[in-house]
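There are 2 protein chains.
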Amino acid sequence: MKKCSVNFNTIDTPAVLIDRDIAERNIFRFQEYCVEKGLTLRPHIKTHKLVELAQLQITAGAVGINCQKLGEAEVMAAHCIDDILITYNIIGAVKLARLTSLAKKVRKLSVTADSAFTLQGLSATFEQAPKPLNVLVECDTGGQRCGVQTPDAAVELAKQISKAPGLTFNGLMTYPAKGGTTAVQVFMSSAERLLRACGISCPTISSGGSPDMWQAHEAPIVTEYRVGTYIYNDRSLVAGGICGLEDCALSVLTTVVSVPAIGRAIIDAGSKALSSDLLGLNGYGHIVGHPELQIVKLSEEHGHLEYPVELSPLKIGQRLRVIPNHACAVSNLFDNVMLLRNGAFEKIVPVAARGCNT
Amino acid sequence: MKKCSVNFNTIDTPAVLIDRDIAERNIFRFQEYCVEKGLTLRPHIKTHKLVELAQLQITAGAVGINCQKLGEAEVMAAHCIDDILITYNIIGAVKLARLTSLAKKVRKLSVTADSAFTLQGLSATFEQAPKPLNVLVECDTGGQRCGVQTPDAAVELAKQISKAPGLTFNGLMTYPAKGGTTAVQVFMSSAERLLRACGISCPTISSGGSPDMWQAHEAPIVTEYRVGTYIYNDRSLVAGGICGLEDCALSVLTTVVSVPAIGRAIIDAGSKALSSDLLGLNGYGHIVGHPELQIVKLSEEHGHLEYPVELSPLKIGQRLRVIPNHACAVSNLFDNVMLLRNGAFEKIVPVAARGCNT
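Quick note, the sequences are listed as chains A and B, same order.
Going by our numbering, the letters in the first sequence line up with residues 1 to 358, in that order.
Going by our numbering, the letters in the second sequence line up with residues 1 to 358, in that order.
Note that these hints are calculated values from the structure, not bench results.
None of the hints are false.
Because identical chains cannot be distinguished in the list, a pair is counted as satisfied if it fits within a single copy or across any two copies.
Keeping only pairs whose Cα atoms sit at most 25 Å apart, straight-line, the calculated PhoX-like set for lysine-lysine is:
(1) Lys315 x Lys297
(2) Lys315 x Lys159
(3) Lys163 x Lys315
Take the sequences, apply the hints, and build the full model.
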């Protein structure tokens, strides 16, 4: 992480700092990769939840955005983002009514589905709509979350979509397991072949995930890639070799509030600031410039640091910057973040789509 | 958990439901215990973060409230809560300025400190204030978070507070380790004896924690007990034998959005609804009425359920209620909660102090 001229002592803590230069570099770098590999890029805004960065991702060349929640999409649509894919089974009367309102506000709205149940709800809702809803079939290529289990099942749902009033079949979508690029290629090639045999065209094959983003081209069947964390990066992606610490745009500024004993200190960032997400790592974050400090435990509002007893104790009042294990979870815990530009404070922006749970 | 006449199918999910009757019963039950044992009760509002429930706790007999963050205290003070203890080292110019503003708005404001550094900041800020700030010395009785390490160190800080302009020594405070009631009694008795020998009176000895709340009287030196989770209870307290499932007031209503394979289902409550807090438990929550279902994994917006393959599959669209591992973390993830009364929907209330990170 580069040097920064911001006077951290004047900022109330804990606070989320976003180095906008690093975020932009991350956006442009992967956009360039996608252009080079012939992939359409559709960033997932769950990581930042900021209108401004979503707009920047589109300006940089993204085809549109990906949301997980209808509420996130509503916020983004209200700010002129006009191509939105919600990678979720939208179920229930309340959500379906919201989906029809949303469809009227954007140029292109797409959702995913992995069951006839979901399709029936979507079709019943959109059969009278002014334009059809784009639906992609979600496929489980090894991630074991949502998704149909076989290429045959994907084709079966694609047929149902093609016949359903109010719906348009827009392709196949998967969120693969880590290291699952080959599995994506195998599943999707097979499904695409079967679709072709049925005379169903498949405009989009969408895959995603930051952990394998630099291998995206190794599944050439894929036409669109969705990626969220890449904009900020975090300790989990550094550990996975996807980026370096210098590529991490989000950090949590925190204050040492207690040095109760030799080799121990307490910071004012706990699980309500850093989240409890471990993502398979030891400890709850990397402290910039202090590899000797370990965040060994989190209470709700306290982070518990340990360091070798032979080192000088930390100073109460001292500020530290933490690169969290999981940037997306941190964004969701703060109402506002501070943008830095050229190493200086730029402005505070609201995390507009934070807490959009439904 | 009792039967409920609410039509869950009309509620958009995920949603936090608060059974107000259970919450009230929990409030009154522990208030009664404290009265019987001669303890002052000071509930920690971090669990619910709701103005209305804080007011109810006070109406039921609590002396005031406990907050962890200045921001929480500011919200509560704006709603006429006039006796607030912030159990935190308040450090830094921004927070100290906020603390003086807050002091003008409440009848009694108290904070804790465990270092000369914290005291110097408090004293410099309050020496010109219209009334002194109450300060308790935080003691580490085994919890290994903040706190002075010995009774002698506690007395040393108490002396400094007594002499410091703008401050009043208000007593000793600890957040003990689980099972640490005896350690509290030993530490605090020793500190209180030393204080008496120095001629320093100790108005309050404050301990706390829901996991040992029913043993609070076994440390008779303690005058005040602070407890947060007791109002809602959660799966961790059920596992600890503190309460039964029927005493859990908070649940997360969720919808089954996918049944991708035999023995697996996906719900729309992930780590951004249930939190990743495990608190030493297996799985991420108890599904009311379905002990056969395990929440084995959370993605951000998906909960991964598993159940024995010989059972009937869950139905897509089906609603489930989850008692989370850690109620406090869930409250912090939702802007609003739904109050239920007599098994019926009462109203939606904002989680007023949610996200008050600073």
